[in-house]
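Asker: Based on these hints, arrange chain B on the given structure of chain A.
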Amino acid sequence: MTRSPYASSASRRQFLALSAGVAATTALAAAGCSAPGDGASAAEAAGASEGRRTLTKIGLDYPFTQLPLYATLVKLSTAAAKKRDVSLLTTSDASSADTQATNLTTWVTQKVPAIVSFPMVFEATEAIAKRALDAGLIWVTYGGSLEHQSADIQFSFLKGGTLLGEAAAKWANEELGGKGKVAFLTDSTIQLGRERTKGMIDAFTKLAPGVDVVAQEQAIDPDTGLSKSRAVLAKHPDLNLILGVTDAAAYGGFKALQQTGRKATDAKTFVGGQDGAAPSLLAIKQGTFYRASAALAPQDIANAVVDVPLAVAAGKSNPSAQVPITLVGRGDTASIDDLLAQNA
Amino acid sequence: MTTATTAPAGRLTPSPRALAGGGLNALRRHPLLLVLALMVLVFQLTTGSFLDPGNLRGIATDAATLAIVAVPLALLVISGYLDLSVGSTLALGGLVAGWLAGQQHQSPAVAVLGALAVGAAVGAVNGILCCYFGLSAFIVTLGMLTAVRGLAQQLFPLPLSSFGSGFAWLGGSRIAGIDAPVFIAALVLVAGALFLALAPSGRHVFAIGVNREAAYLSGINIRRTPYALFVVTGVAAALAGAIKASVLDSVVAGTSGAGFELTVLTAVLLGGVALTGGSGSILGVLLGVLFLGCLQNGLTLLSVPTFWQQMAQGTALVAGAALAYFGPRLTR
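Chain order of the listed sequences is A and B. Last residue of the first sequence: number 344 in UniProt numbering, and the count goes up by one each step with no gaps. Last residue of the second sequence: number 332 in UniProt numbering, and the count goes up by one each step with no gaps.
Possibly wrong hints are sitting among the right ones.
As the list claims (entries may be wrong) - Computed beta-carbon distance windows for the label pairs:
#1 A:Pro209 to B:Trp169: 36 to 44 angstroms
#2 B:Phe133 to A:Gln110: 32 to 40 angstroms
#3 A:Asp337 to B:Ser165: 19 to 27 angstroms
#4 A:Gly178 to B:Phe307: 29 to 37 angstroms
Said to hold, decoys possible - To give an idea of the interface, some chain B residues facing chain A are shown, with a C-beta separation under 10 angstroms as derived from the structure:
#5 Pro157
#6 Ser162
#7 Gly298
#8 Thr300
Simulated from the structure, these hints should not be mistaken for lab results. We treat Cβ as the ideally placed atom computed from N, Cα and C, and that holds for glycine.
This is chain A alone, in the form it adopts within the complex (with noise of 0.2 angstroms):
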């Protein structure tokens, strides 16, 4: 299959769902975090039509494979599930909503007894989310909610941004006296990266406003993050500040700083990012710029992804799981460690 014209923003598309992926998280139902209401009422429906049964499968289809996280996520969930005996089932839906429509299809008229799905396009997912219901099918919808579905996990991206843009706002107020040069390479193509990006730049502008924000650039990808960044700092040399939607691309910025010869360890410059990606935290553990990232925990999500469908079979009223996002800097060694090592 080529790819079109148009492969770039894809693959930025595919970053960044990844990124939401691996953000996504946790914790299981039984914790009793608050659901949409959609789908807390849409659970209750189907915990209530459906009694307790016994899960021997779950089919888990995240489709954008070429992220990292889907090989680590594919890899935990599957040791969650082995731990509660049952089998995982993975698509490969090679990011594309058309496979990922078939696939998904075929596990329907399988009777795959709880499909858990991260649907690339929501509104086209909704009818065959409907067709599982209806077959009597367990349905969970990841990253976000459907009207019909029998639970959902959830990641706050808006939260994800506004704890990066916090921290940078607070760095550069005691570091800075509040003054500097900010640049944001954001996402504008998808919902997850608009709430990314809105809620980095709204915390940032709202606590820092005397921080001159001098540009804002799509860039999810490190190759990206790198030109964009370079092209900045050609126009802004003393530019203090570079905020990610994404780790790749902020760790794309950090290099551009380093290769205009900016030291690792510069005092009056701050990188940040999105995800909890390894580099970026490897990058903060050895006391660079690179000082933050607001990070998901792929063990969390890993669990969810097995425990929320779990939970769904057993009756349980709200099985819906709300993943947590929390900012990592230099000083969280131990949250650190544990990161790199899910990631491992």
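Answerer: Quick look at chain B alone, frame taken from chain A:
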């Protein structure tokens, strides 16, 4: 087709008229040069910093990996073939180099050689299937694009990073005052131009691209040269991957080089290389590479919003391609 412009025998210094005529000829053959000059002028006037040395250095470094792959790919296209697998080969090359340097603690030379070997292997498979078995280059390399990406993800499912200061030399050092990637790209460009202009095999590339049967009847080995070009293209893609890995000190199997095959093909075609084979020049390829690099950089400097950037890039590409196509015909 490249044409060599040579001064009459015994005349060492061309007259101003000859120089002017040569310049006009160059513009006729490469109208993209005019577009590029106009674009640079507009970007400089509107941003005030486009021609700053630091920015030009950034453009050159960004364009270097593109040029390294564009040159052999252009030769392949001139010979009537195509390689769409370069994006995945780039990723695999970068991963192998990073793995050898970072996890196996091999010397940078071994890491780069490992990457080149992998690139050569991918190119050899492409070349054997296309040149000796006669399969469609489009289909074969499209298949390899997917297969090699899958292999890369299977072998390296997690991102690789921290390759050590030795390996950083490849992407971060300077040779004769020039960034190493740019220096390597310059070598590749010069080698490509000399090959086309001076080597018998270079002339064979054109002959095979114009008419394979006629070339065969003329005694040219119509398999060996394109096969070698497939191998060289694979090697170049892997080298570009190693350079990118060195510059970024990290590689991700699923996303590294994604879409690169179309970017490099765009540069080649913008530079006037005919997709049907038989014509093209390395100067044109260089212009195509610079055009893409300057366009991307200038739009960023102007802080053009994302979707407007996409529209502007698409429009500029179509305009550049149209000028490259119609320009020579209008000025005949």
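Asker: So the hint says 29 to 37 angstroms: do the beta-carbon atoms of Gly178 (chain A) and Phe307 (chain B) match that?
Answerer: With a Cβ separation near 33 angstroms, Gly178 (chain A) and Phe307 (chain B) satisfy 29 to 37 angstroms, so the hint holds.
Asker: Assuming the hint says 36 to 44 angstroms, is it satisfied by the Cβ distance from Pro209 (chain A) to Trp169 (chain B) or not?
Answerer: The hinted range 36 to 44 angstroms holds for Pro209 (chain A) and Trp169 (chain B), with Cβ atoms some 43 angstroms apart.
Asker: Hold the hint about Ser162 (chain B) up to the distance rule: shortest CB distance to chain A must be less than 10 angstroms.
Answerer: holds, 6 angstroms
Asker: Does the beta carbon distance between Asp337 (chain A) and Ser165 (chain B) stay inside 19 to 27 angstroms, or does it fall outside?
Answerer: Given about 24 angstroms between the Cβ atoms, the range holds.
Asker: The hint names Thr300 (chain B) as touching chain A; please verify it with the least Cβ-Cβ distance against 10 angstroms.
Answerer: Holds. Min distance 4 angstroms.
Asker: Tell me if Pro157 (chain B) is really an interface residue toward chain A, meaning its C-beta lies closer than 10 angstroms to one of theirs.
Answerer: holds, 3 angstroms
Asker: Does the closest beta carbon of chain A sit nearer than 10 angstroms to the beta carbon of Gly298 (chain B)?
Answerer: holds, 8 angstroms
Asker: Verify the CB-CB distance for Phe133 (chain B) and Gln110 (chain A) against the hinted window 32 to 40 angstroms.
Answerer: holds, 39 angstroms
Checked against the numbered hints given earlier, this structure breaks none of them.
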